[in-house]
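Protein sequences appear in the order of chains A and B.
1 is the number of the first residue of the first sequence in the numbering used here; add one for each residue after it.
1001 is the number of the first residue of the second sequence in the numbering used here; add one for each residue after it.
Keep in mind the hints are simulated off the structure, nothing from the lab.
Heads up, a few of these hints could be off.
Among the chain B residues that face chain A by a calculated CB cut under 10 Å, a handful are [stated by the list, open to error]: (1) R1038; (2) E1173; (3) L1176; (4) L1188; (5) Q1197.
Computed, partial: chain A to chain B, Cβ under 7 Å [as the list claims (entries may be wrong)]: (6) V168; (7) N171; (8) V186; (9) S207; (10) N228; (11) T230; (12) S245; (13) H270; (14) V272; (15) S284; (16) S292; (17) F294; (18) I296; (19) M298; (20) F331.
We put the beta carbon where it would ideally sit given N, CA and C, even for glycine.
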Amino acid sequence: MTLRPRVVCRSVAVAAVAGFIVMPGAGRSGLPGAGVVLDAAAPVPAGVRPQDDQGARVTRTIKVGPHSSLTLSNIAGNISVTGGGGDAIRIDAVKHAGGGSAARFNDVRVDIAEHGNRVEVRTLPFGGEHSSVDYTVTVPADTAVYLRSVSGNVTVTRVQGGVRADSVSGNVTADATAHLDRLRSVSGNVDIRGASSDTDLATGSISGRVTIHGLKAQGLDVSTISGNLTLDGVTCDHLTVRTVSGEVRYAGPLARNGRYEVTSHSGDVHLVLTGDPGFELNASSFSGDITSQFPIAMHDTGEDHGRFGPLRHAIRGTYGDASALLTIRTFSGNITLRRR
Amino acid sequence: MTGCERYTDLIGDEVDGTLDVRARPDLEQHLAACPSCRALLADLRRIRAAAGQLERLEPPAHVWPRLARRIEAERATGRPGGHRVGWLGPAWRFGLAAAAVVAVAVVSGWAVWLVDHRGAGPAVQTPAAVSAAAPATAAAGATPAAVAGELKLAAEHYEKAIAGLQQIARAGEGSLDPKVAEALQQNLAVIDQAIAQSRAALQTQPASEPAQASLLDAFRTKVGLLQETIELINEMRKGNEAGAARIVQGMKKS
């Protein structure tokens, strides 16, 4: 097999790469904005037998310095990134090509580019159907990762650098990550477990559910249109939750002087507060019921106490030292405040 | 197709009519050789033309100071204040963006104005402000009739902005995976239902704050989702991810 190193612009769909194989450590071109693709003379890499639903594997190990970054854009297929020790980013890409012919593998191309301490990986646009690439990547713990997928799940585990992950129709999951910045999906679910963010985290889905179990963040902005939202063990100074028809379940403490705003049209809102939170409550609904286990010192309440007309259901008042501000508004969803 | 990324801004300038004459030969040479960028240029011109049909909305003069402050604050923080399910990053490079954002900014301005006048804006309130909201509102002289009138006007502006955005979104809907397009449509229907319910509530109780707030929220959410849809369409096209939707569809069949 003859290998021919070829420099290509990172952002361009590479013209007709007949087969694809990458040599570990061969990527350092030293040219800003350039990547290296090694063409194989044979159509399929050695040692890989293209078969139905069996992938041709491409691996690459790239040594990086501290605080490196990885950008990975995929079209179809899953992405899994795990942080660990070491000083290298290891990329394991498995192509799946339906149809069983060797030529199908050639439809699927991967571009890996290095820019100093930054690594960019892309699945190049391809015309074949039934094709996808699954990526399994390990990175040094402090690497920042930016992941995008059109169709496919994105999973990030134990990454301590910044994390942004988006998918159109796949699920997005972050587990034990330290600097979450943004996780979003259009129709997939978003799951966050045991994570933290030293800034404001924005997350949500349009139709998928959002589930957070254990999160420390300065601020949290969560939104869905129809997906349910479960926030359990969330600690943050300011929280914004918005949904149209999703149900909101929040269980956790309120920070002193924290700001919490929950807006839902028809979804119910359930808050289970831990500790002994003092808060000012401004809860209102057009037709939903409002119930609270906390003895609220009312400012005003109930029928005919709206500023401009009847509020069928509203509570405005304080509990404890009123240090946190809690604003909840629904149209028809019920609002419930309970102690844990 | 080579070096497309460095021509992206030039294509945007061409669409906006601000292309430097010195850059034109280079761009034209590239366009002659690159069908993808030619398609992008054609798409953007079409989208710009559609966006140009959006009616220019003029809020009352007293809205502008708040709107200006709001826009300035958003520019400073980089965080839009409205309900925007933003996940795709800055795709608003072209004329499409300009027209749509102007429309949205105007209607957002209306919402800010209404919220400020009604003291129902929790995002900008302190606990003390909440307690003081009612007298402050009374001092502002916002009578129920005035609020209802302003709400009606805001709703009209939202509807116009939404109609323009829907036109743009429909024009590019074919770029999306059918399943994703279906999910987006279903969620637009959820919002439409919220709008209908809020309207019905306001018919029986025109002064209901929760109903007024829900209507504005639903409008704002719909604008956000339409923006999101257009950004998604742009993203799919920008990367010339030709066949991506087909592939997604094909995978689901397999």
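Evaluation of the provided hints:
{"no.": "1", "hint": "R1038", "in the structure": "violated, 15 Å"}
{"no.": "2", "hint": "E1173", "in the structure": "violated, 14 Å"}
{"no.": "3", "hint": "L1176", "in the structure": "holds, 9 Å"}
{"no.": "4", "hint": "L1188", "in the structure": "holds, 8 Å"}
{"no.": "5", "hint": "Q1197", "in the structure": "holds, 6 Å"}
{"no.": "6", "hint": "V168", "in the structure": "holds, 6 Å"}
{"no.": "7", "hint": "N171", "in the structure": "violated, 14 Å"}
{"no.": "8", "hint": "V186", "in the structure": "holds, 6 Å"}
{"no.": "9", "hint": "S207", "in the structure": "holds, 5 Å"}
{"no.": "10", "hint": "N228", "in the structure": "violated, 13 Å"}
{"no.": "11", "hint": "T230", "in the structure": "violated, 18 Å"}
{"no.": "12", "hint": "S245", "in the structure": "holds, 5 Å"}
{"no.": "13", "hint": "H270", "in the structure": "violated, 18 Å"}
{"no.": "14", "hint": "V272", "in the structure": "violated, 21 Å"}
{"no.": "15", "hint": "S284", "in the structure": "holds, 5 Å"}
{"no.": "16", "hint": "S292", "in the structure": "violated, 17 Å"}
{"no.": "17", "hint": "F294", "in the structure": "violated, 16 Å"}
{"no.": "18", "hint": "I296", "in the structure": "violated, 14 Å"}
{"no.": "19", "hint": "M298", "in the structure": "violated, 13 Å"}
{"no.": "20", "hint": "F331", "in the structure": "holds, 4 Å"}
Consistency note: the structure conflicts with the earlier hints numbered 1, 2, 7, 10, 11, 13, 14, 16, 17, 18, 19.
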